[in-house]
Amino acid sequence: MDFNILFFIQKIGEPLIPIMKFVSLLGYGELYIVLVAFLYWSINYKSAIRVGFTLFLGTQINMASKLTLKSPRPYWLDSSISAHGAEDSFGMPSGHAQGSMLFWGQFAYTAKKNWFYIVTAVIIFLTGVSRVILGVHFPSQVVVGWLLGFFTIVTTNYFEKPFIRWFSKKRLISQLALILIFSSISIIYIGVLSYIQEPWSIPDNWINCSASLRDSFIGLIQVSGMLFGFISGAILLKRYFTFNSDGTIFKRGLRFLGGLIVIFSIWYGLKFDSYILQYLRSLLFGFSISFLWPWICIRIKLS
125 MDFNILFFIQ KIGEPLIPIM KFVSLLGYGE LYIVLVAFLY WSINYKSAIR
175 VGFTLFLGTQ INMASKLTLK SPRPYWLDSS ISAHGAEDSF GMPSGHAQGS
225 MLFWGQFAYT AKKNWFYIVT AVIIFLTGVS RVILGVHFPS QVVVGWLLGF
275 FTIVTTNYFE KPFIRWFSKK RLISQLALIL IFSSISIIYI GVLSYIQEPW
325 SIPDNWINCS ASLRDSFIGL IQVSGMLFGF ISGAILLKRY FTFNSDGTIF
375 KRGLRFLGGL IVIFSIWYGL KFDSYILQYL RSLLFGFSIS FLWPWICIRI
425 KLS
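Residue numbers 125 to 427, in the working numbering, belong to the letters of the sequence shown in order.
Hints are computed from structural coordinates only; laboratory data are not their basis.
Note that this is a predicted model, so its numbers are computed, not measured.
Virtual Cβ for every residue (Gly too), placed ideally from N, Cα, C.
Each hint should be verified, as a subset may be incorrect.
Calculated cross-link-like contacts (lysine-lysine; reagent style DSBU-like; alpha-carbon spacing at most 35 Å) [said to hold, decoys possible]:
no. : residue 1 : residue 2
1   : K237      : K170
2   : K170      : K425
3   : K170      : K293
4   : K285      : K362
5   : K395      : K237
6   : K170      : K236
7   : K285      : K135
8   : K170      : K135
Computed Cβ-Cβ distance ranges for the label pairs, DEER-style [claimed, not checked]:
no. : residue 1 : residue 2 : range
9   : Y399      : I373      : 38 to 48 Å
10  : S203      : N168      : 46 to 56 Å
11  : E284      : R363      : 12 to 22 Å
12  : D212      : Y364      : 23 to 33 Å
13  : G315      : P139      : 12 to 22 Å
14  : G315      : S171      : 13 to 23 Å
15  : W330      : G393      : 33 to 43 Å
16  : L150      : L381      : 15 to 25 Å
17  : L317      : G137      : 29 to 39 Å
18  : N128      : T192      : 44 to 54 Å
19  : D328      : F365      : 33 to 43 Å
Hey, can you work out the whole structure from these sequences and the hints?
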């Protein structure tokens, strides 16, 4: 069934492949992180916290699901499928579909503009469909990605106010400890799962498969570190400083460009192989978005 739908969508979408490649390119996580940073530094940092938390949490769920299910991508199973791209992670659920739902869905909910709901719905739909047309996901993997993203948005918004009321009564050290534990649950889960399961190897019928359990686990470690760094930084900034993301277009633009230099200097300047150092690097990256660069902006009168 999945194959039949895939072949049908690929056939009718073949003329759109160049456009779909561009749409798919915009669906990678790096762009969403840049957009969260832009929201935080130059638009409304309180709204950016909600969007960023949802994005990082949902990405954790996506990566943990991939490592649990170990589902193949369509072109790994059938060489007749035209794959316009190669991916090194498992197929279920689609990270592009889930990521687009997480970012644009939460952004639209936060903005609460009717016209923006329509725009984001189109973006989310095209991002998911592009992955099927390009042959890198089954339709079912895209649908599950959408559903998981939507469930994450609904859950986080439903529990946000009661959680904040409870969380705000805790001491700072308790808040940071709770965030550390919460952000590490997926790592612990996959670690335990890997220990109790039989060793896994790529099945013989998976052709053109470049999936790596180690690389996938590193991705989970990275996003877990980013989540802890981002939220802990936001907590510290709110407690000790007053950051203003408003200002002139010049100030907003300068904060954004300067911040990109800082965070990507950290990300690309610090490269490690060990899991622990990968986690610390990612923690610092998330922390630099929510605390380090805003603090610098306050000190140099850019906020």
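So, going through the hints one by one against the coordinates:
With a C-alpha separation of about 18 Å, the suggested pair K237 and K170 falls inside the 35 Å cut-off, and the hint holds. With a C-alpha separation of about 20 Å, the suggested pairing of K170 with K425 holds against the 35 Å cut-off. Taking the CA atoms of K170 and K293, the gap is about 19 Å. The hint holds against a cut of 35 Å. Our distance criterion of 35 Å between C-alpha atoms is met by K285 and K362, whose separation comes to about 17 Å.
Taking the CA atoms of K395 and K237, the gap is about 41 Å. The hint is violated against a cut of 35 Å. A hinted pair counts as satisfied when its Cα atoms are at most 35 Å apart, and K170 with K236 qualifies at roughly 15 Å. Distance restraint check for K285 and K135: the Cα-Cα separation of roughly 47 Å exceeds the 35 Å cut-off, and the hinted pair is therefore not satisfied. The suggested pairing of K170 with K135 is violated, with an alpha-carbon distance near 44 Å, which exceeds 35 Å.
For Y399 paired with I373, a C-beta distance near 42 Å keeps the hint of 38 to 48 Å intact. Between S203 and N168 the C-beta distance comes to about 49 Å, which sits within the given range of 46 to 56 Å. Take E284 and R363: their Cβ atoms lie about 19 Å apart, and the range 12 to 22 Å holds. A beta carbon spacing of about 41 Å between D212 and Y364 contradicts the range 23 to 33 Å that was offered as a hint.
A beta carbon spacing of about 46 Å between G315 and P139 contradicts the range 12 to 22 Å that was offered as a hint. One distance hint, 13 to 23 Å for the beta-carbon pair G315 and S171, is violated here, with the actual separation near 34 Å. At roughly 36 Å, the beta carbons of W330 and G393 sit within the given window of 33 to 43 Å. In this structure, L150 and L381 meet the distance hint of 15 to 25 Å, their C-beta atoms being roughly 20 Å apart.
A C-beta distance of roughly 36 Å is found between L317 and G137, which places it inside the suggested range of 29 to 39 Å. For N128 and T192, the hinted distance range of 44 to 54 Å is not satisfied, since their beta carbons lie about 27 Å from each other. Range check, D328 to F365: Cβ separation about 57 Å, and the 33 to 43 Å hint is violated.
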